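S.K.: Residue strings, one per chain:
Number of protein chains: 2
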Amino acid sequence: MKKTDFAARAKELVSKMTLAEKISQLCYTAPAIERLGVPEYNWWNESLHGVARSGCATVFPQAISMAASFDTVLMNRVATAISDEQRAKYNQYKQFGSTKIYEGLTCWSPNINIFRDPRWGRGHETYGEDPYLTAEMAIAFVKGLQEGNDPKYRKCDATLKHYAVHSGPESKRHSFDAQVNEKDLYETYLYAFRRVIEKADPSAVMGAYNRTNGEACCASETLLRKILREEFGFQGYVVSDCGAICDIDKNHHITETRAESAALAVNNGCELNCGDAYPYLQAAVAAGLITEETITKAVEMLFTARFRLGMFDDDCVYDDIPFSVVECKEHRELNRKMASETMVLLKNNGILPLSDMQGKTIAVIGPNADATDVLLGNYNGIPSRYTTLLRGIQDAADTVGADVVYAKGCHIFENYDSTMGHGWGQNAVRDAIIAVRQADVVIMCMGLNPSMEGEEGDAYNGASSGDKTTLDLPDVQKELIKAVLAEDVPTVFVNVSGSAINLTEADENCDAVVQCFYPGAEGGNALADILFGKVSPSGRLPVTFYHSVDELPDFEDYSMENRTYRYFSGTPLYPFGYGLSYADITEQWDGDNCTLYNRSNFESGYTVLRYENGVLVGFTRAHLLPHQILTVCVPNDR
Amino acid sequence: MKKTDFAARAKELVSKMTLAEKISQLCYTAPAIERLGVPEYNWWNESLHGVARSGCATVFPQAISMAASFDTVLMNRVATAISDEQRAKYNQYKQFGSTKIYEGLTCWSPNINIFRDPRWGRGHETYGEDPYLTAEMAIAFVKGLQEGNDPKYRKCDATLKHYAVHSGPESKRHSFDAQVNEKDLYETYLYAFRRVIEKADPSAVMGAYNRTNGEACCASETLLRKILREEFGFQGYVVSDCGAICDIDKNHHITETRAESAALAVNNGCELNCGDAYPYLQAAVAAGLITEETITKAVEMLFTARFRLGMFDDDCVYDDIPFSVVECKEHRELNRKMASETMVLLKNNGILPLSDMQGKTIAVIGPNADATDVLLGNYNGIPSRYTTLLRGIQDAADTVGADVVYAKGCHIFENYDSTMGHGWGQNAVRDAIIAVRQADVVIMCMGLNPSMEGEEGDAYNGASSGDKTTLDLPDVQKELIKAVLAEDVPTVFVNVSGSAINLTEADENCDAVVQCFYPGAEGGNALADILFGKVSPSGRLPVTFYHSVDELPDFEDYSMENRTYRYFSGTPLYPFGYGLSYADITEQWDGDNCTLYNRSNFESGYTVLRYENGVLVGFTRAHLLPHQILTVCVPNDR
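Chains as they are written, first to last, in my numbering: chain A, 1 to 638; chain B, 1 to 638.
Hint data in this document are derived by calculation from the structure and do not stem from the laboratory. Nothing here was measured: the structure is a model prediction, and the numbers come from that model. A virtual CB, placed ideally from N, CA and C, is assigned to each residue, including glycine.
In the DSS-like style, the derived pairs of lysine-lysine whose C-alpha atoms are separated by at most 25 Å in a straight line are:
#	chain 1	residue 1	chain 2	residue 2
1	B	K100	A	K482
2	A	K534	A	K329
3	A	K94	A	K11
4	A	K360	A	K482
5	A	K94	B	K482
6	B	K183	B	K226
7	B	K482	A	K100
8	A	K482	A	K347
9	B	K94	B	K152
10	A	K482	B	K94
11	A	K226	A	K183
12	A	K478	B	K100
13	B	K297	B	K152
14	A	K2	A	K297
15	B	K347	B	K482
16	B	K534	B	K337
17	A	K199	A	K226
18	A	K329	B	K360
19	B	K94	B	K11
20	B	K226	B	K297
21	B	K226	B	K199
22	B	K329	A	K360
23	A	K100	B	K478
Cβ pair distances, simulated, as ranges:
#	chain 1	residue 1	chain 2	residue 2	range
24	B	G359	A	Y567	56 to 66 Å
25	A	S175	B	T469	37 to 47 Å
26	A	P490	B	P31	34 to 44 Å
27	B	D395	A	P151	34 to 44 Å
28	B	D507	A	K11	56 to 66 Å
29	B	G350	A	T18	55 to 65 Å
30	A	K11	B	R437	35 to 45 Å
31	A	Q358	B	E330	12 to 22 Å
32	B	G359	A	Q358	37 to 47 Å
Use the sequences and the hints to build the structure in full.
M.R.: Structure representation (structure tokens):
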């Protein structure tokens, strides 16, 4: 048998397993079967923007940030770096004889749900609100994760999630029924799934927690069997979200028993269970709810994947990837470059880039200035080196001979900051004002952090389980902003968040506004590169920035009407695709070709967006030298 | 009236006050008396090892760390830097027309309690277990805080605390009665108070929470009136610990009413109240428990202090100290120098200093490697720049061309690390082992943090309110150490703690052991300076390192029998005063003179300790060049 005939080898191996063994292999904590030479393997791993939850790794900018780069070429390099680090770590872990959680090669990334509403806490895991942009970024990511230089083996498995029609509310995700019409389903919610499957052959798809149009996503005949397999031709395996199979009886009340839930899921094509429902398949077989043949086919699919990853062979070139690639210099440089492309300049009256700063003083103010959590987003690894926004500004200021004074000014959302000692709240705003009074220019680092927007159970804004209830900044930040602006010193406003925030006041009263997102371990260096003009900003918003949730439909309404730039009827504060440059670049279109004129002394990256009928249908990134004229081709690719 | 006749000016000002106004001024939150030109003033400020709890400041090593330097000259420079920053901040704060908590000039530092038992959570705020060392460090500190270049005004007020016989248990401090004999009282617990009062004229003393020999410390006729004022000739003011006056009736049950407590305290010489008891003085006067004259004298003392600080004059040179001194370059350099002198080398088989590291790999392991809280200790400010141990090692490794891999390895005390994602505990030790397997040398950064040893209400080891119950490292750390040592790679063990830890296993099985204490914002740079040989270690232990609490008397027993190097009958793991150097230095004594022979190529600081009858009676710090012979005079100074 040829080594590349993975399906045949899987079939042969599985043929030697008992029913109980087969069922055990459908669980994400697949135990060893020693008599068959099968080691213990935990399928759960994460790599959303770097190898996650498994010690040190290069922590690239959060997904939403990378979407703002509109740079699929760089995204592919980032994903290649991630898969190199994933393999390097796996090569070490497997020496222990087993592969535990977060140690394997099956990555449950990317999250290609559509960020339909800025309130969704997990929106920053996605590539934003546009299906085409989402698909393009995901294709680049999946290829980088899966494809390497080994002609036989897959480098890592990518998993598209959460299939399908999933974007909050977090508090109801285990019981929610998303109601969606045919047009929105295909044009918005499924577009990226279909396209990535066509273009990048992802190994896996993860089912969502919720129901969609009444069917539990992880056991949906419509979604899994008819659309995913039959219509989209998906050849890979499906994994349930964690605990989602139990939800089918416990919270969705579609089935009566756990055995029925498990059988329904596998029968409809969910081969792998994250959770503890599939052990009930034994009872399900006994009760005639599912055949052993169906189970056998599911196990064969999973072992085909494991064989394809080279787990049972000794000639996989990825086995030679050394541990030294983890957080290597090249990856850190790549990270800084990506991070600098994720920054979106939203306003600039000419204050940026900062110049002639020698002997000047910069006041850096705000709860996100020296915060490390905002560098990381969620589903993140731990960087062994990181540069906060403050540190990046300090280091850059050192090189130009400027001084930096820093004041936190307030807790990010509470009235009181326990980390600063009793009663510190009284002094916090005064400290900020004092710092501002020393300064020639102020950089305010405000916004949210991943504890304020995130996943059910992970984010700390318990009231809404990770979702936001407002687009406004917390009151303590508003008060700080007011106090700082009253000092009338030129001010650059840096908003750090993974989602749209109401930046009306900053837009009206600050000299410049930068949207920073969650910029990764090199975030401070990247921001400094932008602020001090080492790099011209080139990011564009992957989501619409509204003024208020009052402009939007109910959060639980999955109709796309009046949502995202494609359907929003109002005038946003900043539209999808918006982003300024230091360079003065104009576009001139002639059919598929766009000629760019850079009428400035600034060198800059630039993304040309092509819209048709108000919908993004193509984009191309260019890099323009000072006073350069460049023609790029941007066909309608949607 | 001459401006320097502060007492007379205070008397005149106070003479215009009503009784109610006078009482209000005995509270730490002294309100404004506008008709008399007296602004609002909050007496509470902290400066234990840097301006604390008031935004950014240079954060020097924790007090226990600086005691390990045995460097009174440098300590004085540190305290001068602190008072410069305190003044610079005050000059800004007062522009707001009031001075709130942590904004004034009256510093409730230093803590000169004797660290009689390693279990005391607040021990790291002190200068250790020896009365003489404590006094010498405190004298240098108090002078640096109080004395400047203005002939008329005091720079800041220092406050000796907690008077007296105070060192846990934290959980009982509001009701505890410390029983102490005459000899221990004077030779151990009061020695430093007496000596600092004689040598450095501290402005204030803070009373302790507990009772001593039955009397509440903040209202003790014996301690305050007879000993402090009459015997020691203390001329300054006394402030209560915060809430301590309420404890007199509520928890000590010495008085029946709050008015009685307040009267008892002021009558015995506690002029200033941190807490809310002294408003009851109005009732106390009405009930005849205290005279208005006594209250008047107390207020006069407090206003004498405020006049002496130049708060009511416009010719105080300290008013010109600019904000730019805060965290200035000179202070950062001073901080790094002090931090490097606080590191104590406890074992070295020759592995240190690390040399010929080009192309080599260093594994940095442990929960304290990249922790920021251990840099800060408690009663701390916030550094705008800081260098973790890991970062310091990384930066130093960069300069010599070595690679660094990092793995946290475990949570500092819990079995599970929520910051690292679900199930991370499974991978943590594996990550450490993997890192070690890449390495030529391992640096383990273990120990405690200030949440595990600290003050009642501040530290998180709730079971003992901040005190330790064991000298052992947490089990998760022991397991990590075992796993790392099993890999048999040369290992340097860095213990980070503010108190003695049982380091038996490290001493037996590691190639070198460094006691790091809580090293301040420059801690990582300072440690790297030591590890890579840029600076030779010169710190000495200011406390005995025992093997176990089993060797010690009951924690609540205040007899000094079998405690500290002066009375301990056993053989400690490392004795008080212990500390190695890279240099080979021997001592030869001739009367008061000690000739030092440096028989090595290493330049090194070195502290000569003079003991008589087993008790430290003098010390002098020297700095030896390679192969230098130096004679220093060390008289019996005790």
